[in-house]
Structures are given as structure tokens and as C-alpha cells.
Amino acid sequence: MNNTIFILGVGAFFLMMIGLYGVLTNRNVFRLILGLGLMETGVNLFIVGASYWKGGKPPILGTVFETKAVDSYADPVPQALVLTSIVIGLGVTALALALMVRLKETTKSIDIIETKEEEVNE
Amino acid sequence: MKYSIFLIVAPLAAAFTIPMLGTYLPRLSKLIAALMLLAGTALSAWLLTAYKAQTVIVIGGWMPPFGISLHVDLLSLISVTAVYGATLMATLYQLFDGQEKKPYFYMLILLLTAALNGMILTGDLFNLFVFMEIAGISSYALIASGNGAAGVRGALKYMIVASLASVAYLAAIAIIYSTAGSLNMATVASGMRDLNPVVGALVVLLILASVFTEMEIFPFNSWVPSAYQGAPSSVSALLSGAVTVAAAYVALRMSYIVFGQGMGDIIRYGKFNVTNILFWLGVITVITGQAAAYAQADAKKMLALSSVAQMGIILFAISIASDLAIYGIVFAVIAHSLSKLLLFMVTGKFVSASGTSHWAKWKGLGRENPLSGGLFLIGALGILGIPLFAGFWGKFSIIGAAFKAPGVSWIGVYIILAATVVEAVYFFRLAHLLFEEPETKPVSIKSSIWFRISTALLAAAIIGIGVYPAPIDKKVRKIPTELSSKNTEGYISTAYRAMGR
Numbered sequence: 002m003n004n005t006i007f008i009l010g011v012g013a014f015f016l017m018m019i020g021l022y023g024v025l026t027n028r029n030v031f032r033l034i035l036g037l038g039l040m041e042t043g044v045n046l047f048i049v050g051a052s053y054w055k056g057g058k059p060p061i062l063g064t065v066f067e068t069k070a071v072d073s074y075a076d077p078v079p080q081a082l083v084l085t086s087i088v089i090g091l092g093v094t095a096l097a098l099a100l101m102v103r104l105k106e107t108t109k110s111i112d113i114i115e116t117k118e119e120e121v122n123e
Numbered sequence: 002m003k004y005s006i007f008l009i010v011a012p013l014a015a016a017f018t019i020p021m022l023g024t025y026l027p028r029l030s031k032l033i034a035a036l037m038l039l040a041g042t043a044l045s046a047w048l049l050t051a052y053k054a055q056t057v058i059v060i061g062g063w064m065p066p067f068g069i070s071l072h073v074d075l076l077s078l079i080s081v082t083a084v085y086g087a088t089l090m091a092t093l094y095q096l097f098d099g100q101e102k103k104p105y106f107y108m109l110i111l112l113l114t115a116a117l118n119g120m121i122l123t124g125d126l127f128n129l130f131v132f133m134e135i136a137g138i139s140s141y142a143l144i145a146s147g148n149g150a151a152g153v154r155g156a157l158k159y160m161i162v163a164s165l166a167s168v169a170y171l172a173a174i175a176i177i178y179s180t181a182g183s184l185n186m187a188t189v190a191s192g193m194r195d196l197n198p199v200v201g202a203l204v205v206l207l208i209l210a211s212v213f214t215e216m217e218i219f220p221f222n223s224w225v226p227s228a229y230q231g232a233p234s235s236v237s238a239l240l241s242g243a244v245t246v247a248a249a250y251v252a253l254r255m256s257y258i259v260f261g262q263g264m265g266d267i268i269r270y271g272k273f274n275v276t277n278i279l280f281w282l283g284v285i286t287v288i289t290g291q292a293a294a295y296a297q298a299d300a301k302k303m304l305a306l307s308s309v310a311q312m313g314i315i316l317f318a319i320s321i322a323s324d325l326a327i328y329g330i331v332f333a334v335i336a337h338s339l340s341k342l343l344l345f346m347v348t349g350k351f352v353s354a355s356g357t358s359h360w361a362k363w364k365g366l367g368r369e370n371p372l373s374g375g376l377f378l379i380g381a382l383g384i385l386g387i388p389l390f391a392g393f394w395g396k397f398s399i400i401g402a403a404f405k406a407p408g409v410s411w412i413g414v415y416i417i418l419a420a421t422v423v424e425a426v427y428f429f430r431l432a433h434l435l436f437e438e439p440e441t442k443p444v445s446i447k448s449s450i451w452f453r454i455s456t457a458l459l460a461a462a463i464i465g466i467g468v469y470p471a472p473i474d475k476k477v478r479k480i481p482t483e484l485s486s487k488n489t490e491g492y493i494s495t496a497y498r499a500m501g502r
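Same order as they appear, the protein sequences are chains Y and F. Number 60 in this note's numbering belongs to position 59 of the first sequence; there are no gaps in the numbering. Number 311 in this note's numbering belongs to position 310 of the second sequence; there are no gaps in the numbering.
I should point out that these hints are in silico values taken from the structure, not numbers from a laboratory. For glycine and all other residues, C-beta sits at the position ideal for the given N, C-alpha and C. There are no misleading hints in this set.
From the structure, some residues in chain Y lie toward chain F, with a derived Cβ separation under 8 Å:
hint, residue
1, 30
2, 37
3, 40
4, 48
5, 78
6, 79
7, 92
8, 93
9, 96
10, 100
11, 103
12, 107
13, 123
Work the whole structure out from these sequences, hints included.
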């Protein structure tokens with residue numbers, strides 16, 4: 002087994018599991034958001050790890066890595082996917098934190114489960 | 002057909018003019034939103050009538066499977082038209098009858114429309130993920146835009162479940178890309194068949210889990226009651242009338258085209274039969290949805306859980322996978338969208354007039370306001386599938402298909418019929434209460450002319466489809482042949498022609 006892939010895979014798996022444990026066992030919204038963040042990092046690591054191969058060169062033209070053999074470049078697509086998913090993750094986390102602040106302002110608590118029934122008027 | 006790209010791009014572009022104009026010209030920005038949705042409805046309806054054959058639209062000159070392509074077929078055009086129509090109705094309701102909102106609200110609605118249309122039209126798995134996230138983010142913000150703490154809580158619950166689902170989807174994408182080498186749906190579909198059965202089953206379950214979160218299928222639907230209750234009624238109407246349409250379409254495309262072995266066959270990987278899982282999830286969703294809706298004291302939660310049950314019926318029909326079942330699914334989705342829009346618009350009126358969403362306090366509201374009460378009744382009959390109302394054709398075809406199907410599908414028929422009785426009980430319980438003699442004089446509801454026009458249109462559509470389904474029927478009959486990948490005009494062969502193979 003390739004060492005790097007092993008480390009990436011195990012790291013990704015445990016990050017996801019730690020995050021999942023956090024999401025499943027907490028009621029505090031801040032901890033839930035932290036758990037989700039860990040899971041997202043884990044899955045990003047998993048995508049990068051899935052495309053890793055030993056000796057793959059960065060797919061950038063006009064650098065010291067440039068070579069005629071296209072086969073020796075690493076696949077750029079998973080890295081583009083990870084970049085997109087990091088940006089989306091950032092947006093979601095920012096929105097989640099904003100919602101948490103709003104929840105704190107309106108209910109004086111950041112517990113996800115309501116203690117008393119909330120009024121609805123529209 | 003090449004204009005189909007504008008179905009996604011135009012609302013996206015219009016959405017970003019709103020924050021620029023909104024600060025100084027709030028009224029103009031609201032007008033832009035409404036006009037954009039009207040134009041989108043007209044364009045999608047025109048494309049639907051002009052439709053001839055499936056087309057793959059290559060975007061930016063990047064050939065598939067490397068670039069992203071759009072795939073336009075009859076079912077996707079019908080779904081897009083339904084999404085646009087539903088969004089237009091909900092937006093008009095919010096503009097003229099809801100509480101005053103900032104222009105950003107309408108920007109979010111346009112973003113949601115663009116994302117839902119993207120989910121329906123795209124031919125690429127990662128692009129689908131991006132559109133699902135855009136739809137998610139804009140719906141969290143829309144849900145949180147009203148009702149104080151309830152709205153924020155609903156949005157947070159939805160966000161947490163949907164983020165878990167998107168992690169599952171991304172993990173599946175990593176596996177698919179490293180085995181199939183592409184994320185184009187048609188390429189993946191032909192690659193999935195040679196996959197190791199265990200990996201194949203894992204990928205299918207991960208992706209379907211995230212689609213089912215949007216489609217409100219048990220056990221991924223714990224967010225539904227809070228989100229629907231906390232959202233402003235127009236947004237509840239959108240979630241129920243537009244988001245579920247897109248989600249049901251994605252579920253259909255995923256299970257038949259990407260992961261199935263062509264329509265009519267069972268999705269099977271080795272010993273692992275995914276169709277059975279779809280069947281049981283659908284049946285359990287129907288049972289839990291209707292039981293929970295029966296026990297609800299809150300009208301918006303009750304309608305939300307009734308949506309859940311309807312989606313369960315649609316998943317059950319997906320698991321049958323016969324021509325008749327597909328025909329039923331299309332009718333059921335359209336009828337559900339129309340009826341739920343009407344129900345949420347009327348319920349929103351009741352909630353804002355009475356100041357509470359507890360239906361027990363609405364005694365006599367319908368007697369005082371016969372128009373709203375009557376519209377509620379029409380919506381309820383449309384959902385239930387009473388003959389002469391839109392829901393009938395969907396349920397009738399699905400039940401017929403289930404009896405003809407081999408295996409255990411007939412169990413589902415009895416469960417659906419029993420669940421429909423429960424549904425009738427809680428809808429008529431509320432409708433009866435609305436028309437009871439009240440002790441004190443109930444509030445009378447003021448409604449704008451737009452509310453009357455749009456609800457009249459919805460009611461006319463529900464009854465019109467129920468009494469005279471022929472115009473829609475002619476289109477819908479072609480869908481099962483189109484979805485089949487054995488067909489030479491099927492999805493995969495069309496996509497491969499576009500790739501020049």
C-alpha cells in the first residue's frame with residue numbers, strides 16, 4: 002500500500018468521523034458548525050487523496066515542472082473540485098454563523114432544540 | 002432549444018442587479034424580479050410547446066465529457082416550467098399580500114430559481130452539486146427571513162441536515178471520478194455498470210441520500226416541519242411547489258439514467274438491490290409523514306408533513322419503474338406542486354389574519370371568508386386525489402402500475418390507500434372547522450387583486466387537469482420512452498452523439 006494514500010485516506014476518514022460524532026452528539030449550534038467544518042475538511046482531503054499518485058507533477062505550464070510527457074502530470078480536475086467545494090463550504094459556514102448570531106439575539110440561547118414554542122405570524 | 006441556457010443564466014444575471022439597484026430603487030428591483038420570473042415562465046412554456054427531440058447543449062465550446070453540458074428533454078422542460086410558474090406565484094403572493102421584505106429577498110428567490118433550473122437541466126454530476134448548494138444556501142436565507150426565532154431555527158436545522166448530505170455527495174463524487182474518470186452523467190452511467198458491486202452500491206446510496214434530503218424522504222427529512230413552519234408562507238409554498246419538483250426530477254434521473262440499467266430494469270449491484278430500498282423508504286415515508294401530519298396542531302407543519310407523504314408516494318412510484326408509473330409520477334408531481342402552492346398561499350392568509358398557525362383557533366374563518374375557505378377545500382381535494390381534481394390521475398396511474406408490477410409492490414398500494422384515508426381525515430377536519438359556526442366573529446381577510454387572480458388560476462389548473470387532462474396527457478405519454486436508455490433516442494445515446502462518439 003502506498004504510504005501517502007494510506008495517510009490521506011485514514012486522515013480523511015477519521016476527520017469525517019470526528020465531525021460526524023460532533024454533529025450527532027451536540028445541541029450547541031456552534032459545535033454543530035464546527036463538526037460540519039471538520040467533515041467538509043475530511044471529504045476535501047478524501048477527494049485530493051483519491052487522485053494522488055506518486056511522482057505526479059503539478060499541472061502548471063511555464064514552470065520548472067513543465068514536461069513533454071503529459072502522463073506525468075497530476076490530474077487537475079479533483080483539485081479544481083476541491084477548490085470549489087472549499088469555497089462553497091466557506092459560504093455555508095459564514096451563513097451558518099450569521100444565523101447563529103441571529104438565533105442568539107432572538108432567543109438568548111444557541112441550543113438547536115427549542116425549549117418553548119415559537120410564534121409564527123406570516 | 003439553444004435558448005434553454007437562458008433559463009439558468011437570465012435569473013442569475015437579474016439576481017445580481019438587485020443588490021445594486023435595491024438600495025436606491027427598491028421598487029424597481031422588485032419589478033425586475035417579477036418581470037424576470039414572468040419572462041422565464043413564458044420562455045419555458047414556449048420551449049415546451051416548440052419541443053421536438055432531446056438535445057445536448059454544449060456550453061462555452063468545451064465538449065462533453067470534459068466540459069459541462071446541459072441536457073434538455075421533455076421531462077426537464079415540464080419541470081422547469083413548473084418551477085418557474087410556482088416561483089412566479091409565490092413571488093406575487095409575497096409582493097402584494099405578504100409582509101414587506103427587503104429587495105434582497107427577491108434576489109434570493111431569483112438565485113433559488115436559477116439553481117433549481119440548473120439542477121434540472123445540467124448533465125454533469127459536480128455541476129449538479131454546485132446548483133444543489135446554491136439552492137440550499139438561498140433557501141436557508143429565505144427561510145430565516147421571517148418569523149423571528151422560528152425562521153432562524155428552521156433554517157439552521159435544514160442547513161445542518163443538508164450539509165451532511167452534501168458531504169456524502171462529495172465523497173461519492175470522489176469515488177465516481179477516480180473510477181469512471183469523468184463526471185458527465187452519460188459517461189458515468191455507462192461506467193457504473195462495470196463497477197465493483199459494493200462500491201457501486203455505496204456510491205448510489207451516498208448520492209441518493211443527498212437527493213432525498215431535498216426531496217424530504219425519511220430518514221433525511223427531520224428538518225421539514227421546522228423549516229416549513231418558520232419560513233414565511235410564500236417560502237413554504239416555494240419549498241413545496243418548486244424545490245420538491247426539482248428534487249423529484251433529480252431523483253428520477255439519478256435512479257433511471259445514471260444508476261439504473263435503463264428504465265424498467267431494477268437498479269441492482271451484485272446482490273444488492275437498490276430498488277428494494279427505494280420501495281421501503283417510499284412506503285415508510287408515506288406512513289410516517291401521514292401519521293405525523295395527523296398529530297400536528299400547527300397548520301403549516303401539517304401541510305409540510307403532507308408534502309413529505311406525497312414525496313413518499315412518488316419515490317414508491319420510482320421504485321416500480323414502469324411506463325405507467327412514470328406517467329403517474331409526472332402527474333403527481335404537477336398536482337402536488339399546484340395544490341400545495343394554493344394551500345400555502347391560503348394558509349399564509351389565515352396565519353397572518355389570525356396571528357397564529359394553530360388551526361384549532363381558526364374556527365369559522367372560512368365561513369367569514371368563503372373565497373379563502375373554498376380555495377383551501379379545492380387545494381385539499383387536489384392533494385387527496387379525488388376524481389375530477391388534478392391529484393387523481395397521478396395516484397390512479399401509480400396504483401394501477403403497482404398492481405401490474407411483479408414482487409411486493411401491491412403492499413404499497415394498500416399502505417398508500419390507507420394513508421390517503423388518514424390524509425382525508427386531517428384535511429377535512431381542518432376544512433370542517435373553517436366552516437363551523439364560531440363563538441366570536443372571526444377576522445375577515447383582505448386580499449389583493451393579484452392574490453385572487455393567482456389563486457383563481459391555480460384552482461382552475463387543479464380542476465382543469467382533473468376534468469380534462471388530454472393536453473398534458475399527450476406530452477406526458479412521450480416521457481417514458483425518452484427516459485429509457487435502451488431507446489435509440491435515449492439520454493445516453495443523445496449525449497454520446499453530442500460528444501461525437
